[in-house]
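Trainee: Residue numbers (this note's numbering), protein chains in the order written: chain Z, 1 to 773; chain X, 774 to 930.
You may find that some hints are simply not true.
Stated by the list, open to error - DSS-like cross-link-like pairs, simulated, lysine-lysine; straight-line CA separation at most 27 Å:
#1 LYS841/X - LYS775/X
#2 LYS924/X - LYS663/Z
#3 LYS27/Z - LYS841/X
Claimed, not checked - Some chain X residues well away from chain Z (every beta-carbon gap over 12 Å; in silico):
#4 LYS775
#5 THR777
#6 ASP824
#7 GLY825
#8 PRO836
#9 LYS841
#10 THR845
#11 HIS856
#12 SER865
#13 CYS873
#14 THR874
#15 ALA897
#16 VAL911
#17 TRP923
#18 TRP929
#19 ARG930
Everything labelled a hint here was simulated from the structure, so no lab data went into it.
On a predicted model such as this, the values are computed, not experimentally measured, just so you know.
The beta-carbon is built from N, C-alpha and C at its ideal position, and this holds for glycine as well.
One letter stands for each residue in the lines below.
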Amino acid sequence: MAVETRQRGAVGQSVTKVDGPALVTGKPVFTLDLDVPGTLVGKILPSPHPHAEIVAIDTSEAEAVPGVRAILHHGNVPRIPYTTAGQGWPEPSPYDTVLFDRKVRFVGDRVAAVAAETEEAADEALAKIHVEYRVLPTVFSPEEALASDAPPLHNEPDAEGIYDAKRNIAAAVDIPVGDIAKGLAEAPIVAGATCEIPYSQHAALEPHCVIAYFDEGGRLVLRTSTQVPFHVRRIVARVVGLDPARIRVVKPRIGGGFGSKQEVLLEPVAALLALRTGRSVRMACTRQEVFVASRTRHPMRVTVRLGAGKDGVLQALDMEVLSNTGAYGAHALTVLSNVGSKTLPLYNKARHLRFHGKAVYTNLPVAGAYRGYGATQGYFALEVAMDALAENLGMDPIELRRRNHIRVGETSPIFEKIGEGREGTAQIIRSCALADCLRIGAERIGWKENRGRRCEDGPWVHGLGMACAMQGSGITGVDMAAATLVMQDDGSFRLLVGATDLGTGSDTILAQIAAAELGVPVDRVLVYSSDTDFTPFDTGAYASSTTYVSGNAVLRAAQDVRQQILDVAAAAVGERTEVLELTDGAVQSRKTGKRLTLSEIGHRAIYVVDQRQIAATASFLCPESPPPFAAFFCEVAVDRETGVVRVERFVVAADCGVAIHPKAAEGQLEGAILQGIGHALCEEMLFSKSGRCVNAGFFDYKIPSSLDVPGIKAILVPSEEPTGPWGAKSISEIGINGPLPAISNAIYDAVGVRMIRAPFTPERVRFVLGATA
Amino acid sequence: MKVTFNLNGGPQYLDVEPGEPLLWLLRQLGMKSVKEGCATGDCGACTVLVDGRAVRSCLMLAPQIQGKKVLTLEGLGTVDDPHPLQKAFLDSGAVQCGFCTPGMVLVAYELLLGNDNPTRDEVAEAISGNLCRCTGYVKIVDAVLLAAQWKREGRWR
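One chain only, chain Z, in its complex shape (with noise of 0.2 Å):
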């Protein structure tokens, strides 16, 4: 293969993570580990109601509790509609939240802050604000959303972008090809699914948190842990009213996000309660609050409907969605996108095609952006749904992915049709290993000798069950990343990137991405990430951008400043650049055999001879959105008696072009891999009738344990993607798709019945086993 034979370095090798020292031995690097003197305690006051007007709100109790600094709520704070979705401008989530309002929409909503001295203080001040409520009437459900006679969330005048606020509906998609009803008529074999997930959590061990302080200059300093600093600092300054100019943002480690740190939240709270101060304050969620109040992935009910010829090759695919949003519509119509553009391109031989669905406010928790976005919940029922027909043609569910997936050469119309909220751009596909994604991983399960067996160890079946996912790399046309490369007078780099690493390791690959263009090992590069002040723009770590949108920014940074190190050589040595090679950090020439170190290079330039600074700017706009593809293979066993599911082996074999780290894509498969079994098994958030989250803590949540891990095999399949930095695309997200549809049609395939709706909980596995006896 081509990619073998050209001259990576760095590039293909697990280095050390370039924040892994760091981090391993505890040095403070995370938001919190800051200790600002002086700085105020900040907390918010939630709504105990799941629909309410403020009739009354009396602070003065409040105001009088010692050491009590500010207290902001709808009264004494301007209404600026906005939205919390961490997006680039403009914002295609609706303007349908404001930093308080006089109506509160769910249990936990936002009614009032405090910022005080101490966390004593805060509480008891916040005991202490008197709220005079007039309760509204409720919905919970979509289906109640949606009545006539609903009341409706959103009637404020002001909220801009929503699709039918008196319907309470916040997005809605409707995007034909071909002529569905004719498709599915006259297909000889169909097949379907309705599939449906609950609200459940991104669960990042780090809570949401956020220090505001004023610098030497008097400007704002914002260091959160968000995934998208320079979203921060836009929406932050429009909402609290501030010059742009006057923040920075800074994000320094933060303890994971999945999507759920894709949002503004704290920041525009703490921003203008050290404004009121002129102190410094600390936000932090508590982990009640993290579930409650940040973000969590969309509900959803998903159908689709398959047609096929009896070759199995697709004619008609139809894919319905209803999609809770909760309270307000962050992310709404995106989500609901993808739950379309992201899954039904991977079966692209269909010519007849329709997607549609609606995105519907709830007086619950607010959905945000999650790991897949969407794509987990098409994919679930999708791939159920691919089983089935696989069943009802007689033919192996493998057999049936291979004559249906998209090859190289390939497109979908569906690429064109539907973007982020918008139209999307067409493209073909450059890379795809599926096919060999898919024979690598049935063999490594071992599908033939084990499929359709129903092994029996006591009460307990054994089955196995597959499916198959794409995602995408950054979103086309809109996400945009920038990098500054500078060579030092040693010769070693300092690269300064907007892109944000959430844990995911992005500043070391990005390291190894110059490093490997400028022949150097990655310790020679310094990075430096996620800072508005001094590092150029990226719109964010979200939609699998960062390896491949910010990754290229890297590399046509590092191709510049290593040709200007050439250029500085070439005059050095009185030699053209073209016979001049740089590798193993000096310059040689192939003629003279003349050597210069980087070291000389770098010293030369800033001190010696026609002085300057070599360094480079560049900026990536996403062209196209390469997609990873992925196969996903299970075992489970199935106890009959009780219901229980037990995963015993997981194996999920990738193509992600070339890792640019393997250990690191590895460990996205795997966290995803295992992440997807809590979905499947046993994560749901529930709520009592009044609409308030009862099991909002990891004692009453289950995210799954150490011991609650299958033998987990993840393989890296090798394809080289022709636009993508080194050959490589994006890894981050594709394995949460899988594990919903893989177990639950490993479960069908050792039990016989078909789980559709999320956790597969051994109640509803007994009672679906129950009603089928």
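Once you have looked at the hints, place chain X on chain Z.
Mentor: Below, chain X without anything else, positioned relative to chain Z:
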């Protein structure tokens, strides 16, 4: 109230509040490796070793530390001279966001002090009270097994 205890090898003599969690005290003392992930004893991010045993410092009160020895990650190794267990975490790719890492390293340290040849299941059992949302635990278990191998080879100091 006054407490005397040993923190990472050095004596401490301090005034503490009766209801103050050990977690807060340690962070005030600059031990920022001790993380607050839930404050309810469920996640393990605040794990420290007290007299060699892993405890959740969010659930232990500061006065309870009287006369005891506390080890936080700051006391194990440094950036320039990491403990072999820390190096094993780095080499195995066991650190993603790093927020659970201090607690993970310390529970693994407790395990390996008493057992330098654990099975994969024993490692999983030992770290089961510490949540990680990034890694799927695969490479964390790899790291602990690698560190155990180094210990058997006499490469621990």
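Trainee: Does GLY825/X clear chain Z by more than 12 Å, comparing its Cβ with all Cβ atoms of that chain?
Mentor: Label holds. Min Cβ-Cβ 18 Å, cutoff 12 Å.
Trainee: Grab the minimum beta-carbon distance between THR874/X and chain Z and tell me whether it stays above 12 Å.
Mentor: violated (6 Å)
Trainee: Measuring Cβ to Cβ, find out whether HIS856/X lies farther than 12 Å from everything in chain Z.
Mentor: Its Cβ does come within 12 Å of chain Z, the nearest being 9 Å, so this is violated.
Trainee: Would you say THR845/X is clear of chain Z, with no C-beta pair closer than or equal to 12 Å?
Mentor: Nearest chain Z Cβ is 7 Å from THR845/X, so the label is violated.
Trainee: Quick one: work out the minimum CB distance from VAL911/X to chain Z and report holds if it exceeds 12 Å, violated otherwise.
Mentor: The assertion about VAL911/X is violated, with a minimum of 4 Å to chain Z.
Trainee: So CYS873/X supposedly isn't at the interface. Is its beta-carbon more than 12 Å from every beta-carbon in chain Z?
Mentor: violated (5 Å)
Trainee: Looking at ASP824/X again, its CB stays over 12 Å from all of chain Z?
Mentor: holds (20 Å)
Trainee: Far enough from chain Z: is every CB of that chain over 12 Å from the CB of PRO836/X?
Mentor: holds (18 Å)
Trainee: Compute the least Cβ-Cβ separation between LYS841/X and chain Z, then decide whether it is above 12 Å.
Mentor: LYS841/X is indeed farther than 12 Å from all Cβ atoms of chain Z, at 20 Å.
Trainee: Holds or violated: LYS27/Z and LYS841/X, Cα atoms, limit 27 Å.
Mentor: The hint holds at about 24 Å.
Trainee: THR777/X clear of chain Z by more than 12 Å, beta carbon to beta carbon?
Mentor: Holds, because the least Cβ-Cβ distance between THR777/X and chain Z comes to about 24 Å, which exceeds 12 Å.
Trainee: When you look at the beta carbon of LYS775/X, is every beta carbon of chain Z farther off than 12 Å?
Mentor: holds (22 Å)
In summary, the structure is inconsistent with hints 10, 11, 12, 13, 14, 15, 16 from the numbered list given earlier, while agreeing with the others.
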